[in-house]
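Each chain, written out:
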Amino acid sequence: MSSLILHVNGATHEINVDSDTPLIFVLRNHLGLTGPKLGCGQEQCGACVVLVDGEATNSCVRAASEFRENKIITIEGLSKDGNLNSVQQAFIEEGAAQCGYCTSGIVVATTALFKQNAKPSREAVHAALHDHLCRCGSHRRILNAIERLISDGM
Amino acid sequence: MGSHPSIDSHPNVDQWIEFVTDGRILLHTGKVDIGQRISTALALIAADEFDVDYERIDVKRTETDIDPNEGFTSGSMSMQHSGKAIRLASATAREFMLKLAAEKLDVDIKNLEVADGLIQSRETNVSITYWELMSDKEFNILVDEGVTVKSPDQYKFVGTRVLAKDMVNIMTGNLSYIHDMALTGMLHARLVRPPHYLATLKNLDDDLIAGLAKSNVSIVRDGSFVAVVAPDEYVATKAATQLAASAKWDLKDGLPTKELFSALTSNKRVSLPIAPGGAPVDKPVPPLGDLSEEASVSVSARFEKPYHMHGSIAPSAGCALFEKNKLTVWTHNQGVYPLRVAMAEALKMELDDIHVAFVPGSGCYGHNGADDAAYDAALVARAIPGKPILLKWTREDEHAWEPYGSAMVCELRASLDKDGRVVDWSHESYGDTHMGRPTPGRSGSPAEKLLSTHLQEKPLAWPIMPPTMGAHVGVHRNLEPLYNFPNPRLVKNLVRDLPLRVSALRTLGAFSNVSAIESFMDELAEAGNISPVEFRLNHLDNEKAIDVIRALDEKMVSEKAGTSNQVGAGIAFAQYKNSATYCAVGIEVEISDAAEVILHRAWIVADAGEVVDPDGLTAQLEGGLIQAASWTLLEQVTFDSGGITSRDWDSYPILRFNNIPKIETILMDRSGEPFLGAGEASSGPTGGAIINAIYNAIGLRLRRMPFNPDAIRSAAMN
Ligand code: FES
Ligand code: FES
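Residue numbers (my numbering), protein chains in the order written: chain A, 1 to 154; chain B, 1 to 718.
Treat the hints loosely; a few may be bogus.
Claimed, not checked - Just so you have them, the derived chain B footprint on chain A, three or more residues with Cβ under 8 angstroms:
id: 1; region: 27 to 37
id: 2; region: 58 to 71
As the list claims (entries may be wrong) - Straight line, CA to CA, 27 angstroms or less: simulated DSS-like cross-link-like pairs of lysine-lysine:
id: 3; chain 1: B; residue 1: K252; chain 2: B; residue 2: K458
id: 4; chain 1: A; residue 1: K119; chain 2: B; residue 2: K662
id: 5; chain 1: B; residue 1: K238; chain 2: B; residue 2: K202
id: 6; chain 1: A; residue 1: K115; chain 2: B; residue 2: K662
id: 7; chain 1: B; residue 1: K324; chain 2: B; residue 2: K458
id: 8; chain 1: B; residue 1: K60; chain 2: B; residue 2: K326
Said to hold, decoys possible - Quick list of the computed label-pair ranges, beta carbon to beta carbon:
id: 9; chain 1: A; residue 1: D152; chain 2: B; residue 2: N169; range: 21 to 27 angstroms
id: 10; chain 1: A; residue 1: S121; chain 2: B; residue 2: Q456; range: 40 to 46 angstroms
id: 11; chain 1: A; residue 1: H13; chain 2: B; residue 2: R701; range: 55 to 61 angstroms
id: 12; chain 1: A; residue 1: A124; chain 2: B; residue 2: T645; range: 30 to 36 angstroms
id: 13; chain 1: A; residue 1: A11; chain 2: B; residue 2: T241; range: 31 to 37 angstroms
id: 14; chain 1: A; residue 1: H7; chain 2: B; residue 2: Q154; range: 52 to 58 angstroms
id: 15; chain 1: A; residue 1: H13; chain 2: B; residue 2: T638; range: 42 to 48 angstroms
id: 16; chain 1: A; residue 1: E147; chain 2: B; residue 2: L163; range: 18 to 24 angstroms
id: 17; chain 1: B; residue 1: T638; chain 2: A; residue 2: H7; range: 39 to 45 angstroms
Don't read these hints as lab results, they were simulated from the structure.
Note that the structure is predicted; figures quoted are calculated from it, not measured.
Just so you know, even glycine gets a beta-carbon here, dropped at the ideal spot from N, CA and C.
Starting from the given sequences, assemble the full structure and let the hints guide the process.
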């Protein structure tokens with residue numbers, strides 16, 4: 001066990017964990033941020049994606065201790081005082097979730113995409129979502145939400 | 001059974017409706033929300049019957065002893081069961097409250113009207129709310145099956161687009177799934193599974209176990225069932241990996257490796273003819289026989305579909321607490337009551353000593369690992385009394401141990417007369433059971449449908465399911481075509497000695513049967529030199545079927561489907577179970593230079609009876625299409641004698657964001673008509689439409705799924 005300082009959703013936390021503990025377990029079990037989901041634990045599905053310094057990053061394999069220097073934002077950190085960000089709003093408009101288990105990672109990845117580029121190309125959208133799996137078949141609605149964001153100019 | 005099975009077994013209004021909190025109405029249902037938005041649909045129905053805002057309605061998560069027992073949430077039956085029950089119970093409750101209000105306010109009931117729960121007399125100023133009337137009271141009345149319900153012109157909520165229950169929580173990360181449970185003193189558990197179904201545990205590394213004990217990790221072992229338990233989740237995960245690496249197994253003979261599709265049509269089997277109406281009969285199968293004398297052209301074809309995974313994005317999980325000889329279980333399975341019976345038998349406990357509550361999981365699409373994981377958690381909890389145990393399967397556990405959708409073969413033969421009408425039709429389907437759920441009352445003990453009962457010290461025998469004899473249940477779902485064919489020869493073959501564990505996956509046999517029938521219809525149309533649409537219409541007299549096919553055709557013609565270069569389009573149609581939603585699907589594809597099937601556009605036309613939640617219904621139809629396209633193009637469970645080899649998402653690819661068609665869905669307006677189940681309606685037609693579209697694009701008729709680039713290339717070479 002060692003002590004670890006993490007910056008998550010604008011707050012700084014000190015946690016005691018085994019140094020190899022993957023980030024997702026720290027977020028979910030030590031900080032109570034259960035928005036990021038464990039889908040595979042093998043960096044194959046995207047359910048666990050969080051923002052690390054603004055970039056969509058899997059949290060299921062790499063140790064929390066690798067992220068000491070970074071600013072981490074989880075899905076819980078995307079809305080401020082109950083105000084959802086534009087990606088969350090567009091997803092709601094389009095009804096872009098069924099069970100919702102894949103949603104957290106996809107909303108986070110889409111937020112990162114639009115931070116980089118307000119008018120991403122088709123290829124950029126596909127690249128950003130390539131490693132995100134959804135089994136309910138919400139893909140079309142998610143893509144519709146993204147198209148809405150592009151045409152609204154975010 | 002009367003006309004409403006759910007009401008027959010739960011006749012009291014209080015079993016469905018509860019006024020607990022001021023300003024809110026709580027609905028009780030035995031159907032669970034697994035992402036299909038049943039809660040939203042039920043809330044819409046209740047809102048209209050009560051004349052209250054949709055936002056005031058909450059839908060309780062099902063638990064035993066408290067909520068109605070409506071069996072499993074399956075087979076697209078939720079709206080017929082719970083939807084109807086909630087409508088009648090709400091209308092009965094409203095009428096009762098109006099009477100009560102008339103007495104209290106001393107006014108004529110005829111002059112009462114309700115606005116968002118406020119009952120007011122049109123004549124006087126007096127008013128009272130539902131909640132003032134009902135605070136701390138029960139209804140104590142029976143659901144009146146003859147009660148007047150709202151007519152479609154009075155609907156304010158039914159049929160409108162609303163914010164689905166839980167949607168905001170999903171988007172903000174605040175919906176709590178079973179995986180997110182955190183009970184006081186809770187321990188985390190992970191499994192160490194054998195390499196395959198038949199392997200048994202020889203030994204574990206005792207030194208390792210002793211070492212783990214020092215860091216608070218304990219091991220629960222019962223025969224070949226092994227779980228690792230620790231207060232910290234990651235510690236449990238790591239310990240399970242270490243223990244798995246050191247475990248020694250007796251691999252026995254390994255899994256049977258006979259080529260799957262030849263096993264399906266040559267293994268021992270039970271064969272039964274299907275009678276008109278879609279149910280098998282216990283009679284000898286009529287021989288295939290000669291072609292009809294009127295036959296001028298005859299076609300035959302064989303379709304093959306491998307095992308599919310449910311492939312839930314969350315690996316299954318269960319939570320359990322065993323305390324003072326009572327067991328509480330939290331599960332994301334599709335039926336808390338049937339699971340309770342199965343667990344009582346498996347654990348040799350009394351039903352009354354077990355309480356089972358539903359907590360959301362990820363989408364399951366049928367019988368995935370949820371029931372098994374609940375039982376696993378219960379086994380661990382029983383070994384460590386007084387501590388809540390949250391047991392999670394890993395991705396590998398789910399991929400390798402979930403009960404798959406059965407592999408199937410369909411063999412068809414038919415002839416046309418000189419006018420292009422079908423004069424003989426034979427369709428035989430072969431497959432394993434689709435009935436692996438722990439359902440009480442089916443043959444054998446429901447306990448043997450719980451995976452770990454086969455791994456424990458005194459293992460139960462693996463179930464051998466008898467053929468199901470109901471209409472459209474299992475291999476023969478949608479085997480009987482809706483088309484008018486003279487004396488069709490329809491046969492179900494329930495095949496024995498197949499290698500993998502199977503159960504109910506979305507649509508059961510219908511995906512294979514409809515894909516096969518609808519591809520075959522196109523082949524026949526071509527043989528008769530008739531357009532696929534006309535050929536289908538020539539063999540239908542069901543108006544609703546005709547309507548959806550016509551509407552699809554008009555849409556695709558107006559959008560010039562399949563007319564540009566390199567692109568092909570195909571259609572397919574089915575009425576799910578010949579009794580639920582009518583659905584016609586059109587798909588437009590292009591085959592890339594890399595031999596990939598690119599999905600361009602898709603159209604769905606559905607007649608689902610009265611539509612309560614149009615957005616949710618559309619999402620189900622679209623989701624069903626995307627999932628079925630994934631099955632069709634990419635998916636197959638792979639295995640060898642050493643076990644399942646598709647143990648992660650790389651070895652079991654599914655459709656990704658780069659190949660999602662534009663989808664347009666048209667819902668027929670059928671207000672006031674009965675609800676028709678819709679969650680599974682688009683899957684079968686999607687498989688058929690893709691086969692037909694590929695043929696239209698490149699002239700190859702593919703009949704062995706999946707149609708991945710290898711399959712396309714090898715078909716092109718032959
Ligand atoms: S859980 Fe991290 S990618 Fe699947
Ligand atoms: S919405 Fe269920 S997995 Fe994507």
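Checked hints:
1. Taking a C-beta to C-beta cut-off of 8 angstroms, the region 27 to 37 of chain A contributes 8 residues in contact with chain B, enough for the three needed, and the coverage statement holds.
2. Only when three residues or more bring their CB closer than 8 angstroms to a CB of chain B does the claim for the region 58 to 71 of chain A stand; here the count is 0, and the claim is violated.
3. For the suggested pair K252/B and K458/B, the alpha carbons sit about 17 angstroms apart, so the restraint of at most 27 angstroms is met.
4. About 20 angstroms separates the Cα atoms of K119/A and K662/B, which keeps this hinted pair within 27 angstroms; it holds.
5. For a cut-off of 27 angstroms, the pair hint linking K238/B to K202/B stands: about 21 angstroms separates their Cα positions.
6. Only pairs whose Cα atoms come within 27 angstroms are accepted, and K115/A paired with K662/B is accepted, the gap being roughly 26 angstroms.
7. A C-alpha spacing of about 25 angstroms is found between K324/B and K458/B, which places the hinted pair at or below 27 angstroms, so the restraint holds.
8. For the suggested pair K60/B and K326/B, the alpha carbons sit about 23 angstroms apart, so the restraint of at most 27 angstroms is met.
9. Range check, D152/A to N169/B: Cβ separation about 24 angstroms, and the 21 to 27 angstroms hint holds.
10. Roughly 55 angstroms separates the CB atoms of S121/A and Q456/B, a value that falls outside the hinted 40 to 46 angstroms.
11. Between H13/A and R701/B the beta carbons are some 60 angstroms apart, a value that agrees with the proposed interval 55 to 61 angstroms.
12. Restraint check, A124/A to T645/B: a C-beta distance of roughly 34 angstroms satisfies the suggested window 30 to 36 angstroms.
13. Here the CB-CB span from A11/A to T241/B is close to 32 angstroms, well matched to the stated 31 to 37 angstroms.
14. H7/A and Q154/B have their C-beta atoms about 55 angstroms apart, which keeps the hinted 52 to 58 angstroms range intact.
15. Distance hint for H13/A and T638/B: a CB-CB separation of about 43 angstroms, consistent with the stated range 42 to 48 angstroms.
16. The beta-carbon spacing between E147/A and L163/B, approximately 21 angstroms, falls within the hinted interval of 18 to 24 angstroms.
17. Checked against the hint of 39 to 45 angstroms, the pair T638/B and H7/A passes, with Cβ atoms roughly 43 angstroms apart.
Checked against the numbered hints given earlier, the structure breaks hints 2, 10 and satisfies all the rest.
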